[in-house]
Amino acid sequence: MEDEYEGGVVKKFLYVNRRAPHGTVYALESLETVLIGAAFDQDVSVLFIDDGVFQLKKQQQPEGIEVKNFSKTFRALEMYDVEQLFVESESLAERGLSEDDLLVDVELVSRASVHELVDQQDVILSF
Amino acid sequence: MATLNIVNKSPFEKRTLEQCLSRIAEGDSVLLIEDASVVAVTGTAYAELLSGCAQKLYVLSPDLAARGLTDKELLGTMTAVDYPGFVELVTEHERVHSWL
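From first to last, the protein sequence lines are chains A and B. So in my numbering the end of the first sequence lands on 127, straight run, no missing numbers. So in my numbering the end of the second sequence lands on 100, straight run, no missing numbers.
Read the hints as simulated data drawn from the structure, not as lab findings. Incorrect hints may appear among the rest.
[Stated by the list, open to error] Label-pair distances were calculated between CB atoms; the ranges are:
| # | chain 1 | residue 1 | chain 2 | residue 2 | range |
| --- | --- | --- | --- | --- | --- |
| 1 | B | K14 | A | V67 | 20 to 30 Å |
| 2 | A | R111 | B | Y83 | 28 to 38 Å |
| 3 | B | G52 | A | V123 | 29 to 39 Å |
| 4 | A | E107 | B | Y83 | 22 to 32 Å |
| 5 | A | S98 | B | T42 | 39 to 49 Å |
| 6 | B | V87 | A | D122 | 11 to 21 Å |
[What the hints assert, rightly or not] Among chain A residues calculated to face chain B with C-beta under 7 Å, some are:
| # | residue |
| --- | --- |
| 7 | K12 |
| 8 | D50 |
| 9 | V114 |
| 10 | H115 |
| 11 | V118 |
| 12 | D119 |
| 13 | I124 |
| 14 | S126 |
Even for Gly, the Cβ is constructed at its ideal location relative to N, Cα and C.
Only chain B is shown next, with the shape it has when bound in the complex (with noise of 0.2 Å):
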């Protein structure tokens, strides 16, 4: 019964991914879409948290590449994914919880 949580905010601007990572289920996943896409990647104040998640994780890759940030490396938790595999993640969930 798994929930596939969409996050789009980037939290140096706002705090939702860790309200987000602090509710859900561990079977769940979590994508990273738009802004949020930028903690994706190792090196930033955020590398520490989201490679401790139990949670799979989830980055939509033209968000990144649109952000110039494909030259640097994903977290070893992060799985990037195109927009059929966005599509693919959608219908392997149960639900769909955009975190706004």
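The shape of chain A in the complex, shown without the other chains (with noise of 0.2 Å):
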């Protein structure tokens, strides 16, 4: 399961966001871990749960409010190999959301489905 790369052990990373944005910094506190682990060649992937798909939320204007607009950065996970973004479609529908709200491609998966994802990682990251 563990794959050598030239700088050590390569691990499969799962963040799991469950928090707004802009409310708190856990949303950007992830987003920086997470290029962190894409940094060091690790084998990321997130999922957003519960408040953590509004981070995937389209047209965020958070500069009313004086707060960096990281949205963005999401768009280029991409270039850091992070291409796998995981979003639990229960929570979008309880927030009146779908898959077109969002602004990047993203993988559906149920909340009943969560666990086998979880089943294949060697560390989870809650944020």
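Take the two lone chains and join them into the complex the hints point to.
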């Protein structure tokens, strides 16, 4: 399950995002950590559940509350080889959102199948 | 490939416990620590939910004691662990998921 790369061991990391952006620093800190994981050539996936799905909402305009608009960074994750973004469909539906509201292409997963994704990982980091 | 899920918030304040339980595998374990330990005993509004759980349930006993709850009866499905027991649980599972 663990592959070697020239700098060491590659592990499968799943970052679990459960909070809306801007109200707290969790979402931004998670994103920073995702980029660090990718910079170290780790196998990185990100899962958005509960209020975490709001992090991927299109058309965020946080300038009015003097907060950096980091949502654009999600579109750049592909360049860092973070290509697996998972979103729980129930969390979207509960919040009146659909896949069309999201600013990146994602893979939808059901609440019942979240544990299958977790079961494939070496490390879980929750934000 | 079981996961040790750790919850540290009281379900009376935050929904973390229910959000965790709705998504984990049947073979997983749940460890209640800090404020989550308040629902490890009988008589709470969460007793039924926790008694019906397929997963193994643990509570960190120092947290229970700190909250004066050791005079209450533990739920039948709940096992109390001390700090060495906590470490043992971590080593027995494939991974740890701390639900923040």
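Quick rundown of the hints versus the structure:
As the Cβ distance of K14/B to V67/A is approximately 23 Å, the hint placing it in 20 to 30 Å holds. Restraint check, R111/A to Y83/B: a C-beta distance of roughly 33 Å satisfies the suggested window 28 to 38 Å. The beta-carbon spacing between G52/B and V123/A, approximately 30 Å, falls within the hinted interval of 29 to 39 Å. Between E107/A and Y83/B the beta carbons are some 39 Å apart, a value that contradicts the proposed interval 22 to 32 Å.
For the hinted restraint 39 to 49 Å between S98/A and T42/B, the CB-CB distance of approximately 43 Å keeps it satisfied. The beta-carbon spacing between V87/B and D122/A, approximately 19 Å, falls within the hinted interval of 11 to 21 Å. Among the interface hints, the one on K12/A is violated; its C-beta lies about 10 Å from the nearest C-beta in chain B, farther than the 7 Å criterion. Taken as an interface hint, D50/A checks out: its beta carbon lies about 6 Å from the nearest beta carbon of chain B, inside 7 Å.
Because the smallest distance between the Cβ of V114/A and any Cβ of chain B comes to about 4 Å, under 7 Å, the interface hint for this residue holds. The beta carbon of H115/A comes within 4 Å of a beta carbon in chain B, closer than 7 Å, and the hint placing it at the interface holds. Checking V118/A against chain B by beta carbon gives a least distance of about 6 Å; that is within 7 Å, so the hint holds. Taking 7 Å as the C-beta contact cut-off toward chain B, the hint placing D119/A at the interface holds, the least distance being around 5 Å.
For the restraint placing I124/A at the interface with chain B, the shortest Cβ-Cβ distance is roughly 4 Å, inside the 7 Å limit, so the hint holds. Hint status for S126/A: holds, given a least beta-carbon distance of 5 Å to chain B, under 7 Å.
This entry does not satisfy hints 4, 7, going by the numbered hints stated previously.
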